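Trainee: To get our numbering, take the position in the sequence shown, counting from 1, and add 1.
Hint data in this document are derived by calculation from the structure and do not stem from the laboratory.
It cannot be assumed that every hint is accurate.
In silico DSBU-like pairs for lysine-lysine, Cα to Cα no more than 35 Å straight-line [claimed, not checked]:
#1 Lys21 / Lys39
#2 Lys39 / Lys63
#3 Lys52 / Lys103
#4 Lys63 / Lys103
#5 Lys52 / Lys109
#6 Lys39 / Lys52
#7 Lys21 / Lys103
#8 Lys63 / Lys52
#9 Lys63 / Lys109
#10 Lys21 / Lys52
#11 Lys39 / Lys103
#12 Lys109 / Lys39
#13 Lys109 / Lys21
These numbers were taken from a predicted model, which means no experiment stands behind them.
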Amino acid sequence: MNITLNDRATKSGRSFVVTKAVVNACERLNIGARDLAKVVGVSPATASRMKTGNHTLVEGTKPYELSVFLIRMYRSLDAITGGDDAVAASWLQNENSALGGKPVDLIKNAEGLSDVLRYLDCRRAPV
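Taking the hints into account, I'd like the entire structure generated from these sequences.
Mentor: Laid out in structure tokens, this is it:
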């Protein structure tokens, strides 16, 4: 299959948007480069380059997919807290008995990130 110029531009455009969105989400939630690196599975140096705009995630890779989940977590928290980033950042840092730990620690592996997302989805849309 041949990839056209438009396909490449669209893919790189999405990669740029996801990279910028995950960096913005981390800034709003007070998640530093080291923690971002652990959450999305890149080196701390790569996470720092993402923050300075010198690295763009590659679509279809694990770091890209985990970044999409991290963005989704931020969007859920944003909806629940009414857009109050300070409250959302505080929620991440505090012990959560339902999750069995601090969400900021739990999201540092894929299973924990999935658990936090599931919890937030349930909180957003109670049955």
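Trainee: Would the pair Lys39 and Lys103 pass a check requiring their Cα atoms to be no farther apart than 35 Å?
Mentor: holds (15 Å)
Trainee: Can you confirm whether the C-alpha distance between Lys39 and Lys52 stays at or below 35 Å?
Mentor: holds (14 Å)
Trainee: Hint check: Lys109 vs Lys39, CA-CA at most 35 Å. Holds or violated?
Mentor: Cα-Cα ~5 Å, so holds.
Trainee: Hey, Lys52 versus Lys109, does the alpha-carbon distance stay inside 35 Å?
Mentor: Given that 35 Å is the threshold and the Cα spacing comes to 18 Å, the pair holds.
Trainee: Holds or violated: Lys52 with Lys103, Cα cutoff 35 Å?
Mentor: Cα-Cα ~24 Å, so holds.
Trainee: Holds or violated: Lys21 and Lys103, Cα atoms, limit 35 Å.
Mentor: holds (25 Å)
Trainee: Given the hint that Lys21 pairs with Lys52, does the C-alpha gap stay at or below 35 Å?
Mentor: holds (8 Å)
Trainee: Taking 35 Å as the top limit, are the C-alpha atoms of Lys39 and Lys63 close enough?
Mentor: holds (12 Å)
Trainee: Below or equal to 35 Å on CA atoms is what counts here, so check Lys21 against Lys39.
Mentor: holds (17 Å)
Trainee: Within 35 Å, alpha carbon to alpha carbon, are Lys63 and Lys109?
Mentor: holds (14 Å)
Trainee: For a C-alpha distance cap of 35 Å, please report whether Lys109 and Lys21 respect it.
Mentor: Status holds; Cα separation ~19 Å.
Trainee: Is Lys63 within 35 Å of Lys103, Cα to Cα?
Mentor: It holds: about 23 Å lies between the C-alpha atoms, which stays within 35 Å.
Hint violations for this structure: none, all hints satisfied.
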